[in-house]
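Take the sequences, apply the hints, and build the full model.
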Amino acid sequence: MKIKKYALAICAALGIMCLCACSSKTNKYDEYHKEVEKLYEQIVTTGAIIDTIDIENEDYRQELYDSLDDLKVAFDDFSKVEPPKEFKDCKMLSEKASTYIANSSTCFHYALDEEYNEDMFNAGVSNYGEAIKCINYMGDVLQKK
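Residue numbers for the sequence shown follow the numbering used here, beginning at 99 and rising by one.
Check before you lean on any hint, since a few could be wrong.
When the alpha-carbon atoms are kept at most 27 Å apart in a straight line, the in silico DSS-like pairs for lysine-lysine are as follows [said to hold, decoys possible]:
{"no.": "1", "residue 1": "Lys183", "residue 2": "Lys132"}
{"no.": "2", "residue 1": "Lys126", "residue 2": "Lys136"}
{"no.": "3", "residue 1": "Lys231", "residue 2": "Lys194"}
{"no.": "4", "residue 1": "Lys126", "residue 2": "Lys194"}
{"no.": "5", "residue 1": "Lys136", "residue 2": "Lys178"}
{"no.": "6", "residue 1": "Lys136", "residue 2": "Lys194"}
{"no.": "7", "residue 1": "Lys242", "residue 2": "Lys126"}
{"no.": "8", "residue 1": "Lys231", "residue 2": "Lys126"}
{"no.": "9", "residue 1": "Lys231", "residue 2": "Lys132"}
{"no.": "10", "residue 1": "Lys231", "residue 2": "Lys136"}
{"no.": "11", "residue 1": "Lys136", "residue 2": "Lys242"}
{"no.": "12", "residue 1": "Lys126", "residue 2": "Lys189"}
{"no.": "13", "residue 1": "Lys242", "residue 2": "Lys189"}
{"no.": "14", "residue 1": "Lys242", "residue 2": "Lys183"}
{"no.": "15", "residue 1": "Lys231", "residue 2": "Lys183"}
{"no.": "16", "residue 1": "Lys242", "residue 2": "Lys194"}
{"no.": "17", "residue 1": "Lys132", "residue 2": "Lys194"}
{"no.": "18", "residue 1": "Lys186", "residue 2": "Lys242"}
{"no.": "19", "residue 1": "Lys189", "residue 2": "Lys136"}
{"no.": "20", "residue 1": "Lys189", "residue 2": "Lys231"}
{"no.": "21", "residue 1": "Lys132", "residue 2": "Lys189"}
{"no.": "22", "residue 1": "Lys132", "residue 2": "Lys178"}
{"no.": "23", "residue 1": "Lys178", "residue 2": "Lys242"}
{"no.": "24", "residue 1": "Lys231", "residue 2": "Lys186"}
Listed next, with one range per pair, are the computed distances between beta-carbon atoms [stated by the list, open to error]:
{"no.": "25", "residue 1": "Glu156", "residue 2": "Thr204", "range": "14 to 24 Å"}
{"no.": "26", "residue 1": "Asn155", "residue 2": "Glu180", "range": "38 to 48 Å"}
{"no.": "27", "residue 1": "Asn155", "residue 2": "Lys126", "range": "36 to 46 Å"}
{"no.": "28", "residue 1": "Asp149", "residue 2": "Thr204", "range": "16 to 26 Å"}
{"no.": "29", "residue 1": "Glu180", "residue 2": "Asn215", "range": "36 to 46 Å"}
Calculated directly from the structure, the hints in this document are not laboratory data.
Using N, Cα and C, we set each Cβ at its ideal position, and we do this for glycine too.
Structure below.
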């Protein structure tokens with residue numbers, strides 16, 4: 099499934115984010131680092147679930163939807179965290195990622211709930227890919243690139 103490739107990209111990007119965010123010693127940076135770690139853990143968990151979805155299992159759709167919902171909640175929660183001023187763009191990027199995840203979930207519902215719709219499936223993958231881009235940009239911001 100194309101989604102597996104994107105899940106691996108998420109893991110790599112957020113690993114970089116965690117490494118960058120943890121270099122600070124101030125309280126605000128430490129708090130922000132904890133939030134980045136929480137988001138990272140959710141992305142890794144979601145990626146693992148998506149990677150292991152068995153389309154032969156009749157519950158695979160619900161597993162995918164639940165995983166995307168959990169990821170959206172994680173981004174929603176992260177976007178509410180007030181970042182240090184150097185990382186303000188991360189808030190906007192996490193909000194955008196949350197929107198893309200929600201759009202992806204909607205598209206996958208349209209693609210898989212009834213008769214398979216390839217265009218909607220591809221739109222779901224595309225929105226998921228845009229969320230990954232936001233995560234990569236967040237990594238760049240945290241690395242101060």
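To see whether the hints hold, each was checked on the structure:
Note on Lys183 and Lys132: the hinted pairing holds, with a Cα-Cα distance of about 16 Å set against a maximum of 27 Å. Annotation: proposed proximity of Lys126 to Lys136 holds, straight-line Cα distance about 16 Å (limit 27 Å). Taken as a hint, the Lys231 and Lys194 pair is honoured in the structure, with Cα atoms around 10 Å apart against an allowance of 27 Å. At most 27 Å may separate the alpha-carbon atoms for a hinted pair to count; Lys126 and Lys194 meet this at roughly 23 Å.
A hinted pair counts as satisfied when its Cα atoms are at most 27 Å apart, and Lys136 with Lys178 qualifies at roughly 13 Å. For a cut-off of 27 Å, the pair hint linking Lys136 to Lys194 stands: about 18 Å separates their Cα positions. For the hint pairing Lys242 with Lys126, the CA-to-CA distance comes to about 17 Å; that is within 27 Å, so the pair holds. Among the hinted pairs, Lys231 with Lys126 is consistent with the structure: their alpha-carbon atoms are about 26 Å apart, no more than 27 Å.
Note on Lys231 and Lys132: the hinted pairing holds, with a Cα-Cα distance of about 22 Å set against a maximum of 27 Å. For the given pair, Lys231 sits about 19 Å from Lys136 by alpha-carbon distance, which is consistent with the 27 Å threshold. Restraint check for Lys136 and Lys242: satisfied, since their Cα atoms lie roughly 21 Å apart, inside the 27 Å limit. For the proposed pair Lys126 and Lys189, the alpha carbon gap of about 15 Å is at most 27 Å, so the pair holds.
Pair hint Lys242 plus Lys189 holds up; C-alpha atoms about 15 Å apart against a cutoff of 27 Å. Among the hinted pairs, Lys242 with Lys183 is consistent with the structure: their alpha-carbon atoms are about 12 Å apart, no more than 27 Å. As the CA atoms of Lys231 and Lys183 are separated by approximately 22 Å, the hinted pair is consistent with the 27 Å bound. Restraint check for Lys242 and Lys194: the C-alpha separation of about 19 Å stays at or below 27 Å, so the hint holds.
Pair hint Lys132 plus Lys194 holds up; C-alpha atoms about 21 Å apart against a cutoff of 27 Å. Taking the CA atoms of Lys186 and Lys242, the gap is near 11 Å; set against the 27 Å cutoff, the hint holds. The straight-line distance between the Cα atoms of Lys189 and Lys136 is roughly 15 Å, inside the 27 Å bound, and the hint therefore holds. At roughly 14 Å between alpha-carbon atoms, Lys189 and Lys231 fall within 27 Å of each other, so this suggested pair holds.
Under the criterion of a C-alpha separation no larger than 27 Å, the hint pairing Lys132 with Lys189 is consistent with the structure, at around 15 Å. As the CA atoms of Lys132 and Lys178 are separated by approximately 14 Å, the hinted pair is consistent with the 27 Å bound. As the CA atoms of Lys178 and Lys242 are separated by approximately 21 Å, the hinted pair is consistent with the 27 Å bound. A distance of roughly 17 Å separates the Cα atoms of Lys231 and Lys186; the hinted pair therefore holds under the 27 Å criterion.
Restraint check, Glu156 to Thr204: a C-beta distance of roughly 21 Å satisfies the suggested window 14 to 24 Å. At roughly 41 Å, the beta-carbon separation of Asn155 and Glu180 lies within the given 38 to 48 Å, and the hint holds. Checked against the given bound of 36 to 46 Å, the beta carbons of Asn155 and Lys126, roughly 44 Å apart, stay inside it. For Asp149 and Thr204, the hinted distance range of 16 to 26 Å is satisfied, since their beta carbons lie about 22 Å from each other.
Restraint check, Glu180 to Asn215: a C-beta distance of roughly 40 Å satisfies the suggested window 36 to 46 Å.
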